[in-house]
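Below are the chains, spelled out letter by letter.
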Amino acid sequence: MSERHETRAEDLRPASSQPLRFRVWTAVLRADPVVRGIQVVKRRERLLTVLQAGLGLAWMALFLLAPLVYILSLSFWQRGAGGTIVYEATVANYQEILLQNVDLLGWQIGNTYLLILWQSLKFGFLTTVATLALGYVPGYFLGRTESRYRSLLLLFVVLPFWVPLIIRYYAWILVLGNDGLITTVLGWVGVASNGYLYNDVAVVTGLVQVLLPFMILPIYNTVNKIDDEYIESAKTMGASPLRAFYEVTLPLSLPGISAGSILVFILAVGSFMAPALLGGPANMMVANLISQTFGQAFDWPLASAMAMVYLVVLFAIITVFNRFVGLEEVFDQ
Amino acid sequence: MSYVEVENITKRFGDVTAVDDVSFTAEKGEFVSLLGPSGCGKTTTLRMIAGLEMPTEGTIRIDGDDVTDRPPYEREIGMVFQHYALFPHKTVGENIGFPLKMRGVPEAERRERVADVLERVRLPEVMDRSPEDLSGGQQQRVALARALVFEPDVLLMDEPLSALDRVLREQMRVEVERIQREFGITTIYVTHDQAEAFAMSDRVAVLDDGRLSQQGRPLDIYESPDSEFVANFIGQSSQLSGAVGTPDGTPVLETDAGVTFELPQSVAATTGDRLSVFLRAEKLDVSREPTGAANEFPAEIATTNYLGEKTQFFCRLEDGTELIVAKHGFTDVESFEPGDTVYVSVPPENLVVARDPGTDQQSGTAGESTA
Ligand SMILES: Nc1ncnc2c1ncn2[C@@H]1O[C@H](COP(=O)(O)OP(=O)(O)O)[C@@H](O)[C@H]1O
Ligand SMILES: [Mg+2]
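Each protein sequence line maps, in turn, to chains A and B. With numbering that gives the first Met the number 0 applied, the first sequence corresponds to residues 0 to 332, in that order. With numbering that gives the first Met the number 0 applied, the second sequence corresponds to residues 0 to 370, in that order.
Hints were generated in silico from the structure; no laboratory data involved. Some clues are possibly wrong.
Calculated lysine-lysine pairs in the DSS-like style (CA-CA distance at most 30 angstroms, straight line) [stated by the list, open to error]:
#1 B:Lys-27 <-> B:Lys-100
#2 B:Lys-282 <-> B:Lys-326
#3 A:Lys-224 <-> B:Lys-100
#4 B:Lys-309 <-> B:Lys-326
#5 A:Lys-224 <-> B:Lys-282
#6 B:Lys-309 <-> B:Lys-282
Coverage of chain A stretches by chain B, computed from C-beta distances (three or more under 8 angstroms per stretch; other residues unrestricted) [what the hints assert, rightly or not]:
#7 112 to 118
#8 294 to 302
Backbone N, C-alpha and C fix where the C-beta goes; we use that ideal spot for every residue, glycine too.
Extracted from the complex, chain B is given alone in its bound form (with noise of 0.2 angstroms):
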């Protein structure tokens, strides 16, 4: 039994359906993020665990205790809002202070505490001061503080990071996760942002309008997305679809783009099977001349992006698919003009196989569809 349970919510406004039956896990001490495109019913999942919206179905357990009807301050919730809603008629420490005034804790104890969470998540000195006169990344850390100075069961986050500009955010990251750790709070953490819920969760719970697409470890989303939705939302990556052939016995992919691939070993694959692949950017290498490697096919150079860190090529396949490579460190750039011929190559094992929709009925393993 895992510590928090989420099993089959529903929650519908109207005709909206905003979370469709999702059901996902957390384990004691663990961080998970609920990942999605704006708009999928992360922030409403997020307000159902925390009773600030009642689910139309389905059951949430904290601890073994079902805890569905229970209104929010009967459960022992942490939460950090968005735009950390800290109380702008109250100090710092007040503000922080306030859960514990909640629960009866004596003024003395609670400037104590207060003072003390405050050393842990590395802002001494301001418990004075309004929280309107602190920085965003300052308020940030209050905003923790006052989740997690009453030790809840459970922290929840709705995007906290979004607010701040990206060098911030990718410090705040950082803290976030080391703060995590140092209280080993279960902490449910809300993003649409796959840099932040890799870098700093166990397990990552992917939605998409409403459902649950998928969830695992960041390594296994990315390596082996099962559905055409996490692939191409997780990462950059170009898809093609195609049916499968035997020219030589062994099956192989014919893109209707006119690419033929080699599948992986671990895809049983039957001829005239529709599959798809998804290419990954970083996974596909870029070369002037034929290198004779598995996979490899002639592209033209549309445009190229120079980012620094990497640099993405934009190439045109012969019926005009567009396809995306990103090369890490390359400095080379200048010497590709738009219109010159490339080739591409992909082993075979790099490749992300997917079951085209609607095609699910035929027997095969090559991962799961989205239908």
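Just chain A, same shape as in the assembly (with noise of 0.2 angstroms):
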């Protein structure tokens, strides 16, 4: 005890000649209802990190895992009459999606669920071969340039994410629509058009509309980790700008092409608006399908299972993915 109050007048000694109010709060500081306060945060601070770890895995438990697993105990129960669940195990949900309207033989697929599933892998495929194209160079621009207009370029990109989507899809339907821009622009030059809406293209470009970011922002961050070094050693070694890109820049980015993919594919597959807003009937996704099926037909146990697919191939077509490229490799970054 004596030693802390020596080591304290110590301290307090170069003190003086700073100016009074400093010496003030310095000695207020030091005082030890002060000290101890500050030990006793710092030791709850602790605490505190252990809690919020803690809040955030009950959070998922309670809103991801949990409703998790009532649908998929759902999956295997039935629809009694009027939209209520008959608590009776059953494996006819996953036969009718799976099985149901198959005629092999005559080559009538005519399987709705898996062909709306068909669909929506395919449209996020395109989806994602899309942005990617359209984003690796903005994403590789902005995290090589040293432009003092960077920040204000990034966030153009995020800004977006600010407006609701709900808005960004009626946007594209004001680009699109009977009335829309193109059709006004093309009216001009003599072109006469209908608008372009309620289509497989009005999906998928919408989707690309709103999921573009997604793609440049993860590509963005892996760039601009990229040390100029490399690709300057790269010349120094006899590579052109671009045979430098193809061999260093490339090859360093896919980290983040991943990542952006990834993201872009998982969210546009199980898209909703998009084609409830800028599709017609034709166009419909699994999330609509299972949301028709939960809303208008009251088969929850059927909507279940087919949530359950989804979520069984989404996942698989993910683990393929990571077989090839490698996830760790882009969560570590």
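Using the hints, put the two standalone chains together into the complex.
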């Protein structure tokens, strides 16, 4: 105890050359109750960290895991009259969505669910390819530029996140619609057209428009971290700028490409609003079908089975992708 | 005509002049170091030779060719970067094979030449490893192998040893020099470490704040620095300034610190000249009693530092001026206490004399002015 007091007296000595205000504060901060208070808060901090982590885990368990378990069990029950649930285990739901209407002999593979799931994956794939094609160059540019407008440009990439999704899709209606931007402009040059909505192109382009930032940002992030020295050393060894890009920058930006692709793919496949607002009856995606089965048909068990199959298929695709690219590498970054 | 000729190059970044009218040369097979404190423009100079930076003014010639405006990939330059810049997504073999691949050398021959060069840098059997799995010293050798494998005209190295610890750094000094001699490659080496530059180089160019201060053999630079900056930067020395007087007919330097120095014969000085002498720490002698040697004066010990291979005496003159004396292999250090009076002496020929800035208009040959 006495030792501590000694040190404190020493500490205060050089402070005497400081202004009075400073000395007063130093004294206040070193007063016993204050010191003890700080120690308590510091110990609490550790407690707080544990609490926060615990809270996060609890949150995940409550709002992600629990519903998932509920949906899983729902999918093995049956629909009763008027949308009620009959608690009797069955695999009929899975049989229905996987096997019903599949007329293999007559080549009529008319399974609505599988067709729509297939269509969703196809849209997801097309969206991913298109956002990659459109997003790589901006991501690369933002990552490499030394322009002082970079933060401003980045802000423009993130800005759409502040606008509600539904408004962004409506904006796309204003572009593709009957009296939309495209028909108007085409009208000026004498080409009459009737709008470009309610088809698969409208859905995919809408998805691309909305999801592009999710591709640009991870690419920007990895390209930004590539050390200039790698590119410069490639050049001193005889690589032209194009060759240096192909040999060095591109492979080193692969983690960003993978991260962006996975994000965009998952978000696109599960999109609800794009097909609902921009697509026609034939452009339904899996989220719409599940929602209809839940909400209009009131068949919760069947909808749950659809959700589970969708989840498993998506998970399988990501696992295969992971085999080729190595997601650990992506999230290492 | 020299093999590498850097002629009056200047590089400005906006308002900052990083390199200011620098000229130097390197002969074929020569090892030249650019030496100077951090921020003096060494890296920028090297990058201009590599083509990674375009000079604002000046010309760079390699083997008679003006390469000033050529991009790096059209110069035959091997460069070792400070942090090696080995590609993390390629194996050691692919890294070293890279410049060969860029030159269209077929795969089989590439492997052969990579294996050969790895042998020559004494690092066999790492071809298929990832560079990230190698130690700092091994990465260093790989970087060197990669810069040498395509037999470039010039090898450039930017503080390649600075990331290594001391023992390894000293071993690598010897290694780099051996490899350079073996390949016989013209080398320009950047460092802020005087010992490193001296140990490896045929010639050293000292840079000071973007300007070239002096170039020459290590011996010349050390023994006859031609500016105050060089005298202070290279080695440990203390500076005393004063005016030349001729009390007995021969000119002596009467320093402001109150010590009078007999000047070396080679210095022609006129009464009234303002000169400085630089006292190299290890060229001073220190003893307890006066010995009657030339240029002897009393001083008081402030502190002593026993460093093992040498002992440093921090001495104070009567007016408070500090002076460093270094004695090699000195073991009697404990008998010197702070406050003791000692006698410091220096033979006139061991004095480095420079004319004070601002007085270079007068005649005399006492070294060059820095103004
Ligand atoms: N790209 C650049 N833009 C602006 N200033 C630079 C740039 N590169 C170097 N400088 C400046 O030029 C000076 C010399 O830098 P550098 O050549 O790196 O010195 P050294 O390698 O000797 O430490 C420094 O003042 C540095 O800040
Ligand atoms: Mg540097």
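Query raised in the report: Does Lys-282 (chain B) pair with Lys-326 (chain B) here, judged by a C-alpha cut-off of 30 angstroms?
Result: holds (9 angstroms)
Query - Pair hint outcome, Lys-224 (chain A) versus Lys-282 (chain B) [Cα-Cα no greater than 30 angstroms] - result: violated (51 angstroms)
Requested in this report: Establish whether the coverage given for the region 112 to 118 of chain A by chain B is satisfied; the threshold is a Cβ-Cβ distance below 8 angstroms, and no fewer than three residues must meet it.
Outcome: Violated: only 0 residues of the region 112 to 118 of chain A have a Cβ under 8 angstroms from chain B.
Query raised in the report: Does the alpha-carbon distance linking Lys-27 (chain B) and Lys-100 (chain B) stay inside the 30 angstroms limit?
Result: Between Lys-27 (chain B) and Lys-100 (chain B) the Cα gap is close to 26 angstroms, so the pair holds against 30 angstroms.
Query raised in the report: With a cut-off of 8 angstroms between beta carbons, are at least three residues of the region 294 to 302 of chain A near chain B?
Result: violated (count 0)
Query raised in the report: If you draw a straight line from the CA of Lys-309 (chain B) to the CA of Lys-282 (chain B), is it 30 angstroms or shorter?
Result: Roughly 13 angstroms between the alpha carbons, so the hint for Lys-309 (chain B) and Lys-282 (chain B) holds.
Query raised in the report: Does the structure keep Lys-224 (chain A) and Lys-100 (chain B) at a Cα separation of 30 angstroms or less?
Result: Given pair Lys-224 (chain A), Lys-100 (chain B) holds - Cα atoms ~26 angstroms apart, limit 30 angstroms.
Report task. Decide if the proposed pair is consistent with the structure: Lys-309 (chain B) and Lys-326 (chain B), CA atoms, cutoff 30 angstroms inclusive. Result -> holds (5 angstroms)
In this structure, the earlier hints numbered 5, 7 and 8 are contradicted, and the remaining ones agree with it.
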